Amino acid sequence: MLKQTPLNAAHRAMGAKMVDFGGWDMPVNYGSQIEEHHQVRNDVGMFDVCHMLVVDVQGDDVRGFLRGLVANNVDKLTVSGKALYSCMLNPEGGVIDDLIIYFMTEDWFRIVVNAGTADKDVAWMQKQAAGRALTVSPRRDLAMIAVQGPNARAKVWEAIPGAQAVSEAMKPFNAVAFQQYFIARTGYTGEDGFEIMLPVAEAETMWQRLASLGVKPIGLGARDTLRLEAGMNLYGQDMDETTNPLECGLAWTIDLKSERDFIGKSALQSRDIDLQLVGLVLLDKGVLRAHQAVNTKHGAGEITSGTFSPTLQQSIALARIPLGIAPGAEVEVTVRDKQLKAKVVSYPFARNGKSLIS
Amino acid sequence: MSIPADLKYTASHEWVKTNADGTVTVGITHHAQDLLGDMVFVENPVVGRTLAAGEECAVVESVKAASDVYAPIAGEVVAANADVEASPEAINQDAYAAWMFKLKPANSADVAGLLDAAAYQALVESEAH
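Chains A and B, in that order, are what the protein sequence lines are.
So for the first sequence, the working numbering puts the first residue at 1; every next one is plus one.
So for the second sequence, the working numbering puts the first residue at 1; every next one is plus one.
Extracted from the complex, chain B is given alone in its bound form (with noise of 0.2 Å):
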């Protein structure tokens, strides 16, 4: 699967999407979904908690293992997907779609800092050998 152009990534496997609000909308990547497997449970930060850029915020599991999810950059958290709590699985037939959370950055210029999808991709390449 393509890593869409238009969206921002970090190292440990978030992608992340600005919108026209202002708010960023965060999840993990189809790379990352591949690497655990079925999902099987998620769960998001509460709305309302202010995040440092990196602080473990959620934490998906699948069948095989869990993973904690890192906030990309420092913001507050103003939505969180109830959706794909109730449907982990969704992240495994779409990842870009199933969104986790949705972050007002503290400082909206954060998000230029983070990989672009050429950057991303040459990361996932590297750890494959």
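Next comes chain A alone, as it looks inside the complex (with noise of 0.2 Å):
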């Protein structure tokens, strides 16, 4: 039995196609995954993202315990309702997920993890807490709704009375309380905009609200191609306990510089780094998709997630190849049966509605 969340009524009332995605019964996109994906880098769409969990953790000393928990560091958040990306790692230095960080009080901080990883997560968190006088609660009374694009912002405002006198001084990657709402300048497609956390009750009167505004459903179709443009990893795909953060380009998220110790640290340290995660771009026609061989001059290397890119209208890949392969080289990819190049890139490929890739 697939799990549902509160808007799966709406979804199939807007016509989409529903899919299994972890387990829950996601709409995958309701038309055209392409003009959906448009809609969000010219205009604005709204996502179910639901699925995802907020775990509260509350009590004495949330920032010790973080501090210890996680591969970056809590103590950059200093201002109430920024937001800190960072990964969650195993002793062994793998990747337990990824996560946002939103740092409300000293007794609160709230993480938003995956759908995947939601159960593994919170058991983790738990066992961790052990002896500590704080609590770490699954809020599975809350639903998510991601409004992103370039007009995702002002129909927000119009939706939620009040809501433009709190945020629109925000910058990005701060989230502010109200009233019965959590509103984050954070998301997942490298456009602006919010995520929005409130009551499960409120949820499907919320889309609706937003959909009379002229915000456009979107799939986790266009999500995917939304995140890997804008060279967002992926939970499960791009990296997972047997990868080594530091080969995965989350480099810049992994705090090896304090002295604070952290969970996996000191595996990290010891473990030589060989590889780099990279941006490809497909010179001759085709797909390029996961798992797919990659050939370089100095070895073999895999592409962890590939598509057809609809911002600039060839298929793009995040690859883990050889160190010493520079941006600009170029390289195979094996599909099927044939051989096609590939060129080396820096990524993120496209941001705020624009291709990045010259």
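Just so you know, the hints here were simulated from the structure itself, not pulled from any lab data.
Restricting the straight-line Cα-Cα distance to at most 16 Å, the calculated cross-link-like pairs of lysine to aspartate or glutamate (EDC-like) are:
#1 Lys285/A with Glu85/B
#2 Lys76/A with Asp255/A
#3 Lys102/B with Glu76/B
#4 Lys338/A with Asp68/B
#5 Lys17/A with Asp34/B
#6 Lys338/A with Glu56/B
#7 Lys104/B with Asp21/B
#8 Lys354/A with Asp43/A
#9 Lys265/A with Asp255/A
#10 Lys285/A with Asp83/B
#11 Lys343/A with Glu332/A
#12 Lys171/A with Asp192/A
#13 Lys76/A with Glu259/A
#14 Lys17/B with Asp6/B
#15 Lys3/A with Asp141/A
Some chain B residues close to chain A (C-beta under 7 Å, calculated; not the full set):
#16 Gly37
#17 Asp38
#18 Val40
#19 Phe41
#20 Glu61
#21 Val63
#22 Lys64
A short list of chain B residues far from chain A (calculated; beta carbon distances all over 12 Å):
#23 Ala11
#24 Ser12
#25 Val16
#26 Asn19
#27 Thr25
#28 Val78
#29 Ala80
#30 Leu123
Bear in mind that the values here come from a model prediction, so they are computed numbers and not experimental data.
Here a beta-carbon is modelled for each residue, glycine too, at the ideal position from N, C-alpha and C.
From the two separate chains plus the hints, produce the assembled complex.
Written out as structure tokens, the structure is:
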């Protein structure tokens, strides 16, 4: 039996094609995934992200707990509402999940984790919290809707009276608790916008209100092409418990400089780094896909995520390949019985409506 | 969308039309394009290639996934549609107009062994459950 979000009936009424996404019955598109992609890059769209889980950590010395739990440094969070992207590692240095941590007060930090890893994450956090005077609370009573695109903020301000006053001056990667809402200027598309958390009972009303304001629903298909163009990793595809985050393009999120110890730190410091995550743009015709082999002059690598980019109108990918292959280099990708030429590039590929690849 | 009664079909979602000159035209069905979503790449077999029935001979790729296309019957490829390679989205717009390739059948009686519209309709419905 697939799990359903509070918006399940609304998706069906809007003509969504539903798929099994990690045990959740989710909309993959409402017609054309390419049109939905452009809708977000050029205007505004909304995503049901209720399958993701909000976890509140509350009590004594939450900061001290998180210092040891995650690989990025929560001491970067000094202003209430500020958000931090981080990996949560196992003792071997593998990635249990990637998550966003919002600092609200010293006794309340809010974490958002991936859907497929949610149960595992909560169990791990609760285990690490044993003996501490704090609670780790999964919040399935909260729904989450992402509104993304250049016109996203204006639409949210129309939909939620009073929201503009509390969020207009708010910078990206910050959040504010407002009435029954939690409004975060974060997302997974490379566009401006908000992720809104609200009580489950109000989710469908909010979804319909946004729809009536002209915000189009966007499925998981476009969500994947948007995040890949934006150069954002997908857990379970670009990294997992077996991969070294320093070989996943996530070194910027791993704080090895401070004295602080965290789970997985010593393992990371003793592991060799042989691989890097790079962007690929396909020069030949075709479509790059996950798990295709990449052949470089320094040895073999593998595509971790690949798709057709609606913004670039060509195929792009993230690939884990040997160190020493720099942007501009040409590599070959094995696609069925052919060797196709691709160019190594720095990513992101596109953000804020524009291609970043020349 | 209704399944055209004048075509034949395969269980792997190709449609087959018999032409006056004895060749057959092959494409993928509306149901197949609906499952795959927005088409972005088509690779047809080269003209002159001899295919066995059921042989992988072409590829269609949507944003979401790649899918092989199989030869419905044995024969020689006598034409490939360059227009659909240039504009794969034509398959989404009208799957029965956006043909992929034409075969000269090794045995013209083979077409009769394919699914008719009613049998294909039943197959699509059974896959939906």
